[in-house]
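**Student:** Residue numbers (my numbering): 1 to 567.
Watch out, some of these pointers could steer you wrong.
Lysine-lysine pairs mimicking DSS-like chemistry, simulated, CA-CA at most 25 Å apart [what the hints assert, rightly or not]: (1) LYS164 x LYS294; (2) LYS322 x LYS378; (3) LYS476 x LYS378.
By construction, these hints were calculated from the structure, which means they are not laboratory data.
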Amino acid sequence: MKNNRYLHFSISLDSFFRKYQSGLTFLFVLLCVFLADIFFSTVIPANKIPVLESFLKSQSRLIIDFAPEIWLTLLGLVLGTLIIVISIASQSTPKLIDLYISDQTSLLYVWYITSGSVHNLFLQIELVNNQAYKVNILLNTYVMLPIALLLAIPYVLYILRYTKTSNVIEKIFADNMVRLERLVHPANQALLENPKTVTSYQHRLFESLNQMDDLLEYVSFKEPKGDVINKMGETIRSYIKIKDQINPTFFKISTMIRNDVSFKTMTGQFDDIERERTFYEQKGYRLFGNAYLKLIDKDFFDLASLCASELASCGKAAIEQKDDPLINATIIRFNTFLRFGIKHGLRNGEARNLYNAIFHYSEFIKEMVNHRFLQHTKKSFFYLKIYVSEIYRHSLKEPSFGFLVDVFTWEMKKILVQVSKNELPISLQEELLDIFLQIDNLAGYDQDLSHKRRFNQNIRLFHIAMALYYLRVDKKSLVEAIIEDILEDHHYIGGEDLGKDIIGICKRLETSSPTFWEDTDRGNSNLYFSEDKEFLPNFITMFNEHLNHAISYKSTSQVNSNKSDSE
1 MKNNRYLHFS ISLDSFFRKY QSGLTFLFVL LCVFLADIFF STVIPANKIP VLESFLKSQS
61 RLIIDFAPEI WLTLLGLVLG TLIIVISIAS QSTPKLIDLY ISDQTSLLYV WYITSGSVHN
121 LFLQIELVNN QAYKVNILLN TYVMLPIALL LAIPYVLYIL RYTKTSNVIE KIFADNMVRL
181 ERLVHPANQA LLENPKTVTS YQHRLFESLN QMDDLLEYVS FKEPKGDVIN KMGETIRSYI
241 KIKDQINPTF FKISTMIRND VSFKTMTGQF DDIERERTFY EQKGYRLFGN AYLKLIDKDF
301 FDLASLCASE LASCGKAAIE QKDDPLINAT IIRFNTFLRF GIKHGLRNGE ARNLYNAIFH
361 YSEFIKEMVN HRFLQHTKKS FFYLKIYVSE IYRHSLKEPS FGFLVDVFTW EMKKILVQVS
421 KNELPISLQE ELLDIFLQID NLAGYDQDLS HKRRFNQNIR LFHIAMALYY LRVDKKSLVE
481 AIIEDILEDH HYIGGEDLGK DIIGICKRLE TSSPTFWEDT DRGNSNLYFS EDKEFLPNFI
541 TMFNEHLNHA ISYKSTSQVN SNKSDSE
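Just need the whole structure built from these sequences, with the hints factored in.
**Tutor:** Here's what the structure looks like:
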């Protein structure tokens, strides 16, 4: 009990100090100078040190006459340097002035010079009235002043290093991590019962994210931009991991959250956000979304991909914590990224952002598969099918989108493989496979000169590659489902033509190499390569058996139909 009271008192004291940091630092430095003055007056009496007494008697006026100018010059030099450096740096690094004002090292040094100047002025007055202790003159001129001069250059260099963007980012991140650690502090659990304390904490956490977002906007170089995105993601993941330990009252939607610029358009969702306890993650996700949209508009493909990567990492952290509402929020945000990518791609004829985003979305879905989040997996997989169909429609007018149909299908194939490896219920595997096979029906068809319906060659290639994997793991029922889907095209083209098309695809799989001869943002892996191509003979045998059966069944049906007509 006493321990909790002590912790409560220490945290309250810390909050008080942060609120009045500058004034309290000045009083502390002034007290130190005052105590040093008393110490020199009482412990080091000059009349008991003959050499010191003789020196001070002959030099007391001289050694203090030049000191005021030096103190004031030093103060002007330091403050002038700070004003110039901070003002210039603030143009490209917003919030730097706020950080400087709360920097304890700067406050201590500036108030030390100020206190030394004031101390010297008092000594000047006392010397005129013959009331000055000579050792106090020695303290000011030969102890305090040399220390201030010696620290001037290191301090200026410290400020120059402090204004470096990477250090500003690290400072904001470190401060925010301290706040997150304090959130789960035992003594803080009681403090969070106070609505004012909750509002203050929420404001500080949001302020750090907003500072990061401002830096991302104003910084022009890629490296610090990437650092900001990484730190934002790391902050959100750290929060997700400690979320269960935080006092539930902290998640109440305060006026500060309602008035935050990121939530101005979400007034109808506040009850859901409060119930799901996702206000902080929603804030971070919205900033990620805004950053992603701006970055793709400025053609920063790699940084936009980094946003998607950090979002996937946050989603994986939510999966580890079994946070269902946050997993849903991550799925929605990924869908939003895809929507941004589609709009940007249509305007600019650029498919690169979607190519990168779907990779990270797929990695997130596979993590849900690994942790057996069945409904979330099914829902996300269905969303991918919707986007594939939409992208195909756009590809009819925008040729650069054509390759994306293959990319999305390839990622869906990889998800199906992961589902199989994790031995999820066979009913789910069948359901997901059915969605996967629907891509050919919705994504598009080529037409020959006779306007006969034909399947999309590349999509069928992925279907067959999936069948080869199922043959490897001995899931023949799923292989048969794929073959039956392929045979549906038998109703539109002849069995011989269908067989030739399938053989052609199989030969293409057989001759494909693992890598492309060109590099992409995701390396040079060949989408159209299958590691299971040694099972091609088995697949062809099964396919021919089903095809022959379908042809014979169709022939028998036609004969019976003709007999009925003749009768």
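**Student:** Compare the structure with each hint and give your call.
**Tutor:** Now for the hints, and whether the structure bears them out:
1. LYS164 x LYS294: 24 Å, holds
2. LYS322 x LYS378: 17 Å, holds
3. LYS476 x LYS378: Holds - the C-alpha atoms of LYS378 and LYS476 are around 22 Å apart, at most 25 Å.
Checked against the numbered hints above, the structure violates none of them.
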